[in-house]
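K.L.:
Now for the letters of each chain:
There are 4 protein chains.
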Amino acid sequence: MIRFESDYLEGAHPAVLELLERTNMQQTPGYGMDPWCEKARGIIRELCGLPEADVYFLVGGTQTNAAVIDALLRPVEGVICADTGHINVHETGAVESTRHKVIGLPHKDGKITAAQVEEKYLADGFSEHVVRPAMVYISFPTEYGTIYSKEELTGLYGVCRKHGLPLFIDGARLGYGLAAKSCDLTLKELARLCDVFYIGGTKVGALFGEAVVFTNPSLGKDFRYFIKNHGGMLAKGRLLGIQFAALLEDGLYFDIAARGVREADRIREALAEKGIPLYVPNDTNQVFCLLTEEQHEKLTAEFSFDEEGRPDGERYLVRMCTGWATLPENTGRLTDAIRAL
Amino acid sequence: MIRFESDYLEGAHPAVLELLERTNMQQTPGYGMDPWCEKARGIIRELCGLPEADVYFLVGGTQTNAAVIDALLRPVEGVICADTGHINVHETGAVESTRHKVIGLPHKDGKITAAQVEEKYLADGFSEHVVRPAMVYISFPTEYGTIYSKEELTGLYGVCRKHGLPLFIDGARLGYGLAAKSCDLTLKELARLCDVFYIGGTKVGALFGEAVVFTNPSLGKDFRYFIKNHGGMLAKGRLLGIQFAALLEDGLYFDIAARGVREADRIREALAEKGIPLYVPNDTNQVFCLLTEEQHEKLTAEFSFDEEGRPDGERYLVRMCTGWATLPENTGRLTDAIRAL
Amino acid sequence: MIRFESDYLEGAHPAVLELLERTNMQQTPGYGMDPWCEKARGIIRELCGLPEADVYFLVGGTQTNAAVIDALLRPVEGVICADTGHINVHETGAVESTRHKVIGLPHKDGKITAAQVEEKYLADGFSEHVVRPAMVYISFPTEYGTIYSKEELTGLYGVCRKHGLPLFIDGARLGYGLAAKSCDLTLKELARLCDVFYIGGTKVGALFGEAVVFTNPSLGKDFRYFIKNHGGMLAKGRLLGIQFAALLEDGLYFDIAARGVREADRIREALAEKGIPLYVPNDTNQVFCLLTEEQHEKLTAEFSFDEEGRPDGERYLVRMCTGWATLPENTGRLTDAIRAL
Amino acid sequence: MIRFESDYLEGAHPAVLELLERTNMQQTPGYGMDPWCEKARGIIRELCGLPEADVYFLVGGTQTNAAVIDALLRPVEGVICADTGHINVHETGAVESTRHKVIGLPHKDGKITAAQVEEKYLADGFSEHVVRPAMVYISFPTEYGTIYSKEELTGLYGVCRKHGLPLFIDGARLGYGLAAKSCDLTLKELARLCDVFYIGGTKVGALFGEAVVFTNPSLGKDFRYFIKNHGGMLAKGRLLGIQFAALLEDGLYFDIAARGVREADRIREALAEKGIPLYVPNDTNQVFCLLTEEQHEKLTAEFSFDEEGRPDGERYLVRMCTGWATLPENTGRLTDAIRAL
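Protein chains in written order, with numbering that gives the first Met the number 0: chain A, 0 to 340; chain B, 0 to 340; chain C, 0 to 340; chain D, 0 to 340.
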């Protein structure tokens, strides 16, 4: 069985393992107060062009989302997101567990618009009988692998700033978004179009780890308390600093993300040749397509995908996922199989 | 500077790193559903002599404590512990964040007794105006490095069972407790004297990781929901299975813990020779002693310790901590320096 | 200005005030342990035909909803309701504040169906990555004043029992629902078609108060802890017992509710005569209708309604609300004004 | 049985009932937006000499404490109080349910000192591994009926302001405190020596109700959201305004509180004559005394007290409580019985 079900099937990029090993017996203070974390923070500030940004490292995405949202909201406030947003449908209520309502707006290809956010804010932002919408969460890329254009993000952030709603970008797959052909945003630009975002490591070459960047540093001032309170303060915090240093120092992160996207491009080409429709078109590392029963049976004999039901009652919706670790020969086997359908 | 301030100063035991590297490009399902986690669960069940036990892996201690307590209590209930308990004083309110009161009882050398628990339960267990004490948390070893004897633990668990209070043992340093000369409990016995406990990996040879064992499996039946909800469900869950497999398969965990304790024994010997008093005597891997200003100044020029204030207003209370990674030559330098005071 | 904006514009039915006054200087134990609460509990058990039911009194609806839901769910679980449900849109996140997700399903006239509930449960009830739908909340009448038929409620409760989901009926306006011409349910029947419900006092003759009935008494066994924890344990609890005793002893509650509904019927008649459309037709005490700008301007010069926006961008949606206290002459003035449009 | 167990045994002062009845059929907006609440807010601002203060009305004390504390703290912060504080021992974890730790300091006669608060703040206020002490809660009078002197309160508030810790005074029995002979504080002075406090109605003449005064109005700016979220927003909010208007307009509140205290003075005199020791001396409306087994048996045959165990293992600690409603002839019977012991 060759697996294409997710982008966290393997361990870490060899460069990450190598640095972990090389530094293994160094003695460092715990909890992220070590020189490796400091070094990684410096690299990230430089990559973002934000020398004042606050940078923190956490282990995983759900933890990061819950801690950031908890830190930014008052108890009676909620977070706006797409109804398909990860925090709304895939985190077992982690945000609600911090006492906040997740306010899902109808998505279009996994995205929400500036107009939707403004409409919701104007409708619900002024009555004490309703949860106050007080921040906005989006993901880049979204759950459907789509990305916001510079124009879309500029519009969204404009509305957010106009109404005092911090904008938080979940970048669990940030590398794959920035590597998409259609992406017209640089990391520096994206960092300026939100208040806080994170650079996902787990799905782009690290064993684990997410680097949270408060581009608006006043919002992050007591964030270490929230990390600890949420059980996210890693004792050997340097493991996060080491991994991000290994990934980011020479642009490795962006190279391997681009490689992952190219593998997905190959799959999209094969599907297009066979006329197999995409469920939501995108050009990042996740391919959502609709297979007939026969196609599904043949492909899943050899390959595993993320199975997402039968939205039209007939065809199978599957996600084929590539990543930094996808072997080109495995992609080749899959595209051959698709072409042979 | 040679560091003795904690037992999480270095990375992982070489055997752990070696297995992580060897398995790095294996493709496995995520979230702990992989063969490595299954293998580690099997080893743990066998080591505990409990073929029916439920075993789960989490990343760190605070997360584990909060998730287990959250899973065992109703919202109006609280958890009894020593007032010095980690959950009471060192987790930034992680347990309170799950809406539960931490009910601290006066400790003796970091421990609480069966009689104290019964008294509190009888006082507060029956009025809806008071938080109901509904479970008991202890650590083994405690925050002061002391351990419960078989008799003490048997008594405590007897009271817990009598009143229907689950007993939860925080085993962040379990290995060092079982390796103490005075320990009259085996792992199998300890496992039978509680409802849930964990085998700490972070401080005993792993990069990170705690293995939670529900010896009373009915209590753990939906625990995976709590792991996810608490942000503790590692995407690449196999990293935990691999580490525990490496540590536990041939008893490595217990050997390296014993080695760590022997290094602490050497420090205790040197302190005794110089008549430097222990603050709380114990025979695990943490040495709490009281230094005069002069002694403190001399030692801290070369060594770092955990500084815990001046409890008598004069002498410095420091914790000297050894572990699986402590180099014997470093212990030697410290004992030489102590003897030279 | 004559007010029709809600059913909590006035104080209490004179019989309630009279009994409060008559008993004013009696000395009773606090917190609902007094003879008046005991008496009211007895009347309610008899009215429901459930001698074993557990009955509790709380002050208001939001408090009651949050306390009941908190008592029935585990932390990782959520409550299914109509997307228009009061707990979803009008309680400032009170349920989320107890760490539970409110899972809104698309409503039809304020109601949800057995099929919808079953579909959601089957989709989300078995994965630890998703909040587990674990109970169902409906209101009777709904936010749109509609009521469930015996057949609908039987179907809904059947699905709930099949999948082990407790069914909770918010009866803030229960009296007005039971008094509707189209209602084919008795109180005894309704009580058997759910696990817990409440008899709303605030909107039907009391100064305040909701009587929660656990028809499934095992679910209510520690509910007094939740009342206290939620700040709902009234010191002078007898005030609730006295009010419900006054309202329920001779069926006064049902008589005054029926009177309130008849006043709404008069309004509906007048609207029908003028061809003014109802937004959602119902036959309880809330009348939702669509007014043209001119109609709206004329009526609101003399009468106040609950203003609910302009759903079609043109006409005004208003709620005209009657109740136990509506003076027939005031209804007459309103119907005259409608007919004069 | 004549009851002296608490100060909430009866209904309301006749003037309160009379005004409720007189206004019963007035139509007013709900949720505290009515003219009666506005009137009561004006009276309170004037009594406090604080024309800018924010005033809100809630139903009961536990609800008020939890809502105020929730509004003032960030999630990772805790509230300092005496270990005997109501929020620490008598509210079933209502504060912890808002995710905050209650940080109990050792009390002296129910009180804490400025020095204790400062010491705790300096110890724990600067490490993200510990809950940050971020506000202070005291009660006036305390759980033991004692009161802070002007000097003590000035000192406490000075430390609070120095370190940015809001000071919150629970005034559930405020009237009885201000009426004590030893009280050297006026209401105006007390209002200036804290950031938020409340004037308790439930125990001083109202059916129910607590008037929260944010003397520091910036802290209360979104408090209505918290009232609603906590289930404390009374639909017929005017009931609270009416009651406080009736009680406060002509100083009735202070008169009846003084009368309640005088009845307690009579009991203290009788106890002193018989040499029956007070457990904690005070001069408010609660009398804590220690009875021998024989004394206890004789008195409880005719009178009910709040039974608080046998702190020395021998004598019975009871609380004898008077209030606005205590009949002088009942006090007479009790003092006769004491003298006859």
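Derived from the structure by calculation, the hints contain no laboratory data. Since the structure is predicted, the reported quantities are computational estimates derived from the model, not experimental observations. Certain hints may be false.
Identical copies look the same in the list; a pair holds intra-copy or inter-copy alike.
[Claimed, not checked] Simulated pairs of lysine to aspartate or glutamate, EDC-like, Cα-Cα distance not exceeding 20 Å: (1) K107 / E293; (2) K38 / E117; (3) K180 / E117; (4) K161 / E306; (5) K119 / E307; (6) K220 / D82; (7) K180 / E306; (8) K119 / D82; (9) K161 / E45; (10) K161 / E4; (11) K220 / E151; (12) K119 / E306; (13) K220 / D123; (14) K119 / D264; (15) K220 / E127; (16) K180 / D82; (17) K297 / D249; (18) K187 / D335; (19) K119 / D311; (20) K119 / E268.
K.L.:
Hint by hint, say whether it matches the structure.
P.N.:
How the hints compare with the structure:
no., hint, in the structure
1, K107 / E293, "neither (29 Å within a copy, 38 Å between copies)"
2, K38 / E117, "neither (39 Å within a copy, 37 Å between copies)"
3, K180 / E117, "neither (30 Å within a copy, 42 Å between copies)"
4, K161 / E306, "neither (40 Å within a copy, 27 Å between copies)"
5, K119 / E307, "between (29 Å within a copy, 15 Å between copies)"
6, K220 / D82, "neither (30 Å within a copy, 30 Å between copies)"
7, K180 / E306, "neither (26 Å within a copy, 49 Å between copies)"
8, K119 / D82, "both (13 Å within a copy, 15 Å between copies)"
9, K161 / E45, "neither (28 Å within a copy, 38 Å between copies)"
10, K161 / E4, "neither (40 Å within a copy, 33 Å between copies)"
11, K220 / E151, "neither (29 Å within a copy, 34 Å between copies)"
12, K119 / E306, "between (33 Å within a copy, 18 Å between copies)"
13, K220 / D123, "between (28 Å within a copy, 17 Å between copies)"
14, K119 / D264, "neither (37 Å within a copy, 35 Å between copies)"
15, K220 / E127, "between (28 Å within a copy, 11 Å between copies)"
16, K180 / D82, "neither (26 Å within a copy, 39 Å between copies)"
17, K297 / D249, "neither (42 Å within a copy, 43 Å between copies)"
18, K187 / D335, "neither (39 Å within a copy, 54 Å between copies)"
19, K119 / D311, "between (30 Å within a copy, 17 Å between copies)"
20, K119 / E268, "neither (39 Å within a copy, 36 Å between copies)"
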